[in-house]
Amino acid sequence: MVQPKTMGALLAEHPIFQGFDPEATEFLGGCASNHHFAFDEFLFRADQPAERFYLIRTGDVALELDMTGRKRLVIHTIHPGQIVGASWLLPPYRWRFDARALGDVRAFGIDATCLRNKCDANPDFGYAVFKRFLPLVAERLLATRMQLLDLYAPPVEVGAKLQA
Amino acid sequence: MPRSMAAPVWELGMEPVVYQVTGRHQELVDTVTLQMTPVDGPAMSFLPGQFTMMGLPGIGEIPVSISGSPNDGGPLTQTIRAVGKVSAAIAGLGVGDRLLMRGPFGEPWPVEEAVGRHLLIIAGGLGLAPVRPIVYWALANRGRLAGVELLYGARGPDYIPYGAQLLGWLASDRMTGSLIVDRHSDEWAGPVGPVTELIGRHATVDPAKTVAMVCGPEIMMRFVIQALEARGFADSDIWVSMERNMKCALGWCGHCQLGPVFVCRDGPVFRVDHVRNLMTQSEL
Ligand SMILES: Cc1cc2nc3c(=O)[nH]c(=O)nc-3n(C[C@H](O)[C@H](O)[C@H](O)COP(=O)(O)OP(=O)(O)OC[C@H]3O[C@@H](n4cnc5c(N)ncnc54)[C@H](O)[C@@H]3O)c2cc1C
Ligand code: FES
Chain R
1085 MVQPKTMGAL
1095 LAEHPIFQGF
1105 DPEATEFLGG
1115 CASNHHFAFD
1125 EFLFRADQPA
1135 ERFYLIRTGD
1145 VALELDMTGR
1155 KRLVIHTIHP
1165 GQIVGASWLL
1175 PPYRWRFDAR
1185 ALGDVRAFGI
1195 DATCLRNKCD
1205 ANPDFGYAVF
1215 KRFLPLVAER
1225 LLATRMQLLD
1235 LYAPPVEVGA
1245 KLQA
Chain H
91 MPRSMAAPVW
101 ELGMEPVVYQ
111 VTGRHQELVD
121 TVTLQMTPVD
131 GPAMSFLPGQ
141 FTMMGLPGIG
151 EIPVSISGSP
161 NDGGPLTQTI
171 RAVGKVSAAI
181 AGLGVGDRLL
191 MRGPFGEPWP
201 VEEAVGRHLL
211 IIAGGLGLAP
221 VRPIVYWALA
231 NRGRLAGVEL
241 LYGARGPDYI
251 PYGAQLLGWL
261 ASDRMTGSLI
271 VDRHSDEWAG
281 PVGPVTELIG
291 RHATVDPAKT
301 VAMVCGPEIM
311 MRFVIQALEA
321 RGFADSDIWV
331 SMERNMKCAL
341 GWCGHCQLGP
351 VFVCRDGPVF
361 RVDHVRNLMT
371 QSEL
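These protein sequence lines are chains R and H, in that order.
Numbering of the first sequence is given in my numbering, commencing with residue 1085 and proceeding in unit increments.
Numbering of the second sequence is given in my numbering, commencing with residue 91 and proceeding in unit increments.
You may find that some hints are simply not true.
Said to hold, decoys possible - Across the chosen pairs, the derived CB separations fall in these ranges:
#	chain 1	residue 1	chain 2	residue 2	range
1	R	THR1090	H	GLY349	55 to 63 angstroms
2	H	GLY246	R	ALA1093	50 to 58 angstroms
3	R	ASP1208	H	GLY344	56 to 64 angstroms
4	R	ARG1156	H	ASN161	24 to 32 angstroms
5	H	ARG361	R	THR1090	45 to 53 angstroms
As the list claims (entries may be wrong) - Not close to chain R: a few residues of chain H, all C-beta gaps over 10 angstroms, as computed:
#	residue
6	GLY163
7	ASP276
8	PRO284
9	GLU287
10	PRO297
11	PRO307
FYI, nobody ran anything at the bench for these hints, they're computed from the structure.
C-beta: ideal position from N, C-alpha, C; glycine also.
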């Protein structure tokens, strides 16, 4: 009989954990669970405790802000193979943005408290986890900086407007 | 002997030809695409990546890439964003108006390098104009290429030139690609983020079998080069198109000089390993 894959084995197939030590992935699997979100459903909301972050398997997610009195502002979109949420890493462990499903989304959820406890109890594991997550955080920081640079703005902010 | 000293000036593109505007399309609020034909004789032939000096007597002359198809022998097509005196005057021309044209100038995109390989085109902002002839060429030569992919980053949904054509290309089964915008607006349902995000996600392309051609603001190109390198691309497989102020476009005046190279004559298209150290330099 074919044995169902362990959560650790499933995590090992996700791009984020490819090449990660198999024993560590199995250990991490103890904090992971499967999740499904329908279109428009929130994975998490801004200012709520950052209890669980997600590794996207299928579907797209928008990181956005609810601009009171205006429509929602999407800051960044996240796609299969990527991770949603970094605020679980550092105090005060609260989400800064909303994360909303842009379609049917399947994801692995990682219980942040469980993971932090494992990292504290096993510093080698914790170091490996942080080495895996730090580049992702750095990548997000660079992406945000690039967006802020407004690279494609006309040399003169509002170039001459032309009559059609 | 350098090319610039081998022939008399009138053979070298110093003498302008009079062109007439035959078509005008408003791409964006500050950007138009003009179609132009010479008042006498056939339109110039050109290679993808080349540019012309477009001029108006008494106003000035500016370098502008050719953004039309190199295959069809039709009118000359160029896309101009109004940023200053000369570009605004040219972008303001209407059908029937005349202007002066010199060229074509510059080293083209090395499209033949992509034969038998995957061609990855990455553009940002108005950098789509100089790579558009590559797409025309690639679609006409599709059978000789392993694949064609276009990744395009724009400021926002309202800043995407050639919109309908672009969507048609991306929806066709002859090429693949994605659009991304830095800034979201309500009518946009696509990805939001910098163009480098698309490079990370398109992990199927084998860098060893791919040639990348990149065009956009220089800072964007630097980030794109780093992202391509992180994906395993060699500098020798990445090409960029650089912009510098120009006057003669013939390698004479030094206006476009960047270290040892003249962008007008040795470029604007360069292989990254040849200009790596020059890309952070401003004009001399
Ligand atoms: C090889 C090449 C190809 C080009 N292709 C195109 C094209 O297809 N379409 C197009 O619209 N423009 C293109 N340009 C840029 C175009 O030449 C300039 O926008 C134009 O020279 C500006 O002249 P101006 O008199 O209108 O404005 P200016 O008064 O000279 O400048 C107005 C503002 O634009 C800035 N500026 C000028 N030139 C550039 C530049 N090259 N890059 C960034 N900022 C600049 C100036 O710093 C100033 O802030 C190209 C330039 C080069 C070198
Ligand atoms: S523009 Fe004169 S040397 Fe290049």
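Going down the list of hints, with the structure as the test:
no., hint, in the structure
1, R:THR1090 with H:GLY349: 55 to 63 angstroms, "57 angstroms, holds"
2, H:GLY246 with R:ALA1093: 50 to 58 angstroms, "42 angstroms, violated"
3, R:ASP1208 with H:GLY344: 56 to 64 angstroms, "59 angstroms, holds"
4, R:ARG1156 with H:ASN161: 24 to 32 angstroms, "44 angstroms, violated"
5, H:ARG361 with R:THR1090: 45 to 53 angstroms, "48 angstroms, holds"
6, GLY163, "28 angstroms, holds"
7, ASP276, "5 angstroms, violated"
8, PRO284, "4 angstroms, violated"
9, GLU287, "6 angstroms, violated"
10, PRO297, "17 angstroms, holds"
11, PRO307, "5 angstroms, violated"
In summary, the structure is inconsistent with hints 2, 4, 7, 8, 9 and 11 from the numbered list given earlier, while agreeing with the others.
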